[in-house]
Amino acid sequence: MTDLRELYQETVLDHYRQPRNSGRLIDANRTAQGFNPLCGDKLTLYLKVEDGVIRDVSFEGSGCAIATASASLMTESIKGIREEEALQLLQNIHGMVIEGDKAGDMGKLEVLAGVHEFPERVKCATLAWHTMKAALESTGLPVTTE
Amino acid sequence: MRLAEVHNHPDDLQAQFWRTDFPILKTKIHGRPLVYLDNAATTQKPLAVIDTERNFYSNYNANVHRGIHTLSQRATDAYEGARIKVQHLINATSPNEIVFVRGTTEAINLVAQSFGRSRLQAGDEIILSWMEHHSNIVPWQMLCQQTGANLRIVPVNDSGELQMSDFEIFLNARTRLVALAHVSNTLGTVNPVKSIIGLAHRHGVPVLLDGAQAIAHVPVDAQMLDCDFYAFSAHKLYGPTGVGVLYGKSDLLEAMPAYQGGGDMIRSVTFEETSYNSLPYKFEAGTPNIAGVIGLGAAVDYVRSIGFDAIVSHERALLSYATAKLTDVPGLRIIGRAREKTGILSFVLDGAHPHDIGTILDREGIAIRTGHHCTMPLMERFGVPATARASFALYNTRQEVDALVEAIHKVREVFKP
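In order, the protein sequence lines correspond to chains A and B.
The first sequence runs contiguously to residue 163 in the numbering used here.
The second sequence runs contiguously to residue 433 in the numbering used here.
These are computed hints drawn from the structure, not numbers from a lab.
Some hints here could point you the wrong way.
Here are the in silico distance ranges between beta carbons for each label pair [said to hold, decoys possible]:
#, chain 1, residue 1, chain 2, residue 2, range
1, A, E134, B, Y297, 28 to 36 Å
2, B, S175, A, E134, 34 to 42 Å
3, B, E429, A, T156, 38 to 46 Å
4, B, K432, A, V139, 22 to 30 Å
5, A, P54, B, S175, 22 to 30 Å
6, A, P54, B, Y73, 33 to 41 Å
7, A, P54, B, K210, 33 to 41 Å
8, A, D122, B, K432, 31 to 39 Å
9, A, V139, B, S291, 50 to 58 Å
10, B, Q137, A, L55, 32 to 40 Å
11, A, P136, B, N166, 38 to 46 Å
Every beta carbon over 12 Å from chain B, so not counted as near; a handful from chain A, in silico [as the list claims (entries may be wrong)]:
#, residue
12, R72
13, D122
14, S155
15, T156
Cβ atoms here follow ideal geometry from the backbone N, Cα and C, with glycine treated the same way.
Hey, can you work out the whole structure from these sequences and the hints?
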């Protein structure tokens, strides 16, 4: 079960049971929707961006442990950082879960590294991050990672 | 060694014997023996079917129907021989009522575009149900868009059964067709199709049955059911992918315009005028999946050699066993508790999303399906985003059910609050 332990670490399970920044942000100025129809993960992301900085963030939705934990961990890591830094984090997450990169100091986000061994779950882990990109770029189009 | 590996149930003796016909069942997944419980998605193939396709390509591959040479004759005989096998499997009155298509989905699209398009007018109605697979919803939605007809959807009760009282109300002077699942792929419900067809016919309404989930698990007798159309896929019946069957009553098929145009479905072609071939060829344009059809013939032979009595008896007992064991798991809710079911168990588990259940089970070598199973309206009806689904076939055993239950307890361990 070592692989499974790497995927379902205590931090991941904690963020699944008690997602941080959960709910609707009343004064959000950027929102986007993410939906993976084939598996049923969906979320709505709310951002408040001022002067190029993500002042506040929240999300609503329903999904699996990986999708939910990833969204929760993401909201914690992007609160208070610049838009470019958030988009760079997305690249780092990609590198970590898709390529299996070990580079960079990802802090708590490193708990998602285990997803690399479960290719069919990559789309769960990356849904929130792609939704964040869509929100920042205000494309207005719903995002899917399938 | 897990207890489940050691404990051989005596009632599984026959199934253990059948298992030896299926080479893939010896596979190991993540170091564990494969426990294949995703049969509603597709079934595994016996060596007889695999060898049949291999033998075709190795020894008598040729195009069918118009060849003079020996190989072409052999290929045609095998292809048409398969058609007769399917006719006998479902007790159609003639091989001309058996049309080979790509699968259940294509069969339904054929009826929608050929039968439906030529008959429906604005304001006409088609009756479906809330438990339908997208393949038996979308073609009708498209048809309604094209013709201005409307859909009436029969509700499903909390047990996963059709609300027959609503069905009777929906049948009216504007109804032109009823299209229903014989067996639900998500709930396992066996619908009362014989009485539904009787009712519909009293109103002069033809019935199409989506038989994808029924064909391998309940004996299908087209004449006894008196269905007007019956659609199924070979790959759900231990046969190859890429092949399916549309059964239609001769007089209906005769009256229907051609679906796809091309070679084989014509009698003669000039640029002034083209005439179409007789049944069933009118609906079989182009070179078919010859190897696949011949493989389907071998699958029919295999299933008939075992006999539906033995298959139904085994699967029914297995469903009972599995239902009882799953019901005992704390926090597990089975979705679909109809009185009449085939071996399909959809369930949700407190605190664990079906995805996560699927991943953990996969690591134990167990294959189930998770998601909406192409029945998004049904997920909405039961208020769940997705379910985990275990579905049985003739080679599954109580031992495998034990493994499933043990793995579900592992999931509960991971996700305990």
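Consistency of the hints with the structure:
Distance hint check for E134(A) and Y297(B): the Cβ-Cβ separation is about 51 Å, which falls outside the suggested range of 28 to 36 Å. In this structure the supplied range 34 to 42 Å holds for S175(B) paired with E134(A), their Cβ-Cβ distance being about 40 Å. At about 41 Å, the CB distance of E429(B) to T156(A) agrees with the hint of 38 to 46 Å. Evaluation of the 22 to 30 Å hint for K432(B) and V139(A) yields a pass: the beta carbon distance comes to about 26 Å.
Checking the proposed 22 to 30 Å range against P54(A) and S175(B) shows it holds: the Cβ atoms sit about 27 Å from each other. For P54(A) and Y73(B), the hinted distance range of 33 to 41 Å is satisfied, since their beta carbons lie about 37 Å from each other. Between P54(A) and K210(B) the Cβ separation comes to about 35 Å, which falls inside the hinted range of 33 to 41 Å. For D122(A) paired with K432(B), a C-beta distance near 32 Å keeps the hint of 31 to 39 Å intact.
With their beta carbons about 54 Å apart, V139(A) and S291(B) fall inside the hinted range of 50 to 58 Å. Distance hint check: the CB atoms of Q137(B) and L55(A) are about 36 Å apart, consistent with the given range 32 to 40 Å. At about 43 Å, the beta-carbon gap between P136(A) and N166(B) stays in the expected band of 38 to 46 Å. No Cβ of chain B approaches the Cβ of R72(A) within 12 Å, the least distance being about 31 Å, so the stated non-interface status holds.
Distance to chain B confirms D122(A) as a non-interface residue, since its nearest Cβ pair spans about 28 Å, more than 12 Å. The beta carbon of S155(A) is kept farther than 12 Å from every beta carbon of chain B, the shortest such distance being approximately 27 Å. No beta-carbon of chain B is positioned within 12 Å of the beta-carbon of T156(A); the least distance is around 25 Å.
Violated hints amount to a single one, hint 1; each of the other numbered hints is respected by the structure.
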